[in-house]
Amino acid sequence: MRAERLTVRGFRNLADLDRELPSAGAALLGRNGQGKTNFLEALYYPVLGRSLRAASDAEAGRLGGPGFQVEVRVAGGDGPDRRAHAVAVGFQASTRRKRIAVDGADVDRTADAIGHWVAVAFLPSDVGLAAGSAVERRQYLDRMLSLADRGYLVALTRYRAALAQRNSALRQGRPELAQAFDPPLATAGARVVRGRIAWSDGAASAFRDALASIDELGEGELTYRGRSELADADAWGPVLHEARAADEARRTTTVGPHRDDVALAIGGRALRPYGSTGQQRSGAVALKLIELATLRDACGFEPALLLDDVFAELDRERQRRLAERLLTGRQVFLTAPRRDELPENLDLEVWTVDGGVVR
Amino acid sequence: MSAIEELITELARLPGIGRKTAQRLTFHLLQQPAEQVGRLAAALTGVSERVRACTECGNLTEEQPCAICRDPRRDPAVLCVVEEPSAVSVVDRATEFRGRYHVLGGRLSPLDGVGPESLRIAPLLERVDRGGVREVILATNPSMEGEVTATYIQQLLAGRGLRVTRLARGLPVGGDLEYVDGVTLQHALSARQEIG
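Note that the protein sequences, when read in sequence, are chains V and S. 139 is the number that my numbering gives to position 139 of the first sequence; each next residue is one higher, with no gaps. 51 is the number that my numbering gives to position 51 of the second sequence; each next residue is one higher, with no gaps.
If a hint is listed, it holds; no wrong ones were tucked in.
Label pairs and their in silico Cβ distance ranges: (1) V/Pro-66 to S/Val-180: 32 to 42 Å; (2) S/Ala-158 to V/Ser-125: 44 to 54 Å; (3) S/Thr-9 to V/Asp-232: 47 to 57 Å; (4) V/Ser-125 to S/Tyr-179: 37 to 47 Å; (5) V/Glu-229 to S/Thr-9: 50 to 60 Å; (6) V/Asp-232 to S/Pro-142: 22 to 32 Å; (7) V/Glu-229 to S/Leu-111: 27 to 37 Å; (8) S/Leu-185 to V/Ala-54: 26 to 36 Å; (9) V/Arg-96 to S/Leu-185: 26 to 36 Å.
Treat the hints as calculated values from the structure; they're not laboratory data. Beta carbons are placed, not taken as given, at the ideal position from N, Cα and C, and that holds for glycine.
Could you build all of it, start to finish, from the sequences and the hints given here?
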């Protein structure tokens, strides 16, 4: 999948831009703080209608500005219907309203815009996928599976809405009102758990293979950690009943996929507490390779790839291997502070980013 | 605050009206003859003074009970439960429904501080318990909260010997499949019906 044009207005520190994108992608060079990552963030915005950095819409607008507008025009040939599309996200600061449009027509639900522009982003902070808390791995799962599976996104949205209402009632000390939200919580939650378990069944061996392919010693293990019986909506009743005392005491919902995790290990040692920095980085790279493969399999085409300064910390040999694996056969946008930190033999147009201006 | 500023501020509070539109409306009103503006002001006062919730069904009315509740040709045995008064006129105009209504005044939403006691659920149960009701149609909105509200009421009505029904969800008539959103299509698929 290839983006052929990007239009950005009022976004972060970026000067308004409207430019053609090369079909192979581009390398963006520039000192820190000039806007390289902001460019990638803008490009990614229409993928899920939100920031890849988990920033709020208001934060993504230019400081003190009226809001922003980002539009990506996607070339035909890929995508659900192989037609060219334009996906736009607009945010108005005064009303705090966000509009997502496909081919100029507003969509009611984000789910209806998903899949028209598919990309995978890899940021330095993604090492948190292996080193960070369960929240980051759940975000990883939810982002990837929402793009791979529309039913998952619909269920996830509903699950979050039901969970927010249920938790609000629990906070108010009204368990009987909280219980009214159990039916949508169960049906939507079961669908979310099913989607995650189905993914982790295939991802276990993919994680092992991905780590081997980047020369990590020790076998990789990936397991979904959560209550797998909750994949069945009928199982929720007894489980929520059992958790009732805990829910009331802690004034929040204590069971469900919002508490689950993906356990990662290399050579039998859990990555988060015991992995070396290098192993944690490899674990994160492996998860990103799986994300690319998951989306490719689900969508039937290669997603675009956005790499934010991820080569800097690798030695030349690892850079070469990763570049070989990632940079061919798909559109790639990558950033680096200096040209000598780019992988060798990189065949991309080089742009510079200076003070928010992309040249 | 000047009179102009005050009007702009008040108009901008209305749903769907931003500050720019409020300004345009204000300057438009200022150009109108005084008696026309007076009629608008009187209409606004009249609405706020005379219109009340129907003591029986909760619909908006100037008389107690409302015209629908008084209409002897309407079937008192069938109650259509809706979230807001605006839904009454929508259902009434668009369908051949000739029963009576019950307006809840919202839907369950703890996030907005709305629990069952904030809705007209107790008056609904009273109406049912007074007898003469055979069927309750739950016509809350097809949102997550609307469905939760419907299920909540359905559980309260269980065991009262009533028929309790819910509006069907599916494809709009006269539409094109291509333009139906995915969620609706999924519902329509799961609730598909046998033909012939």
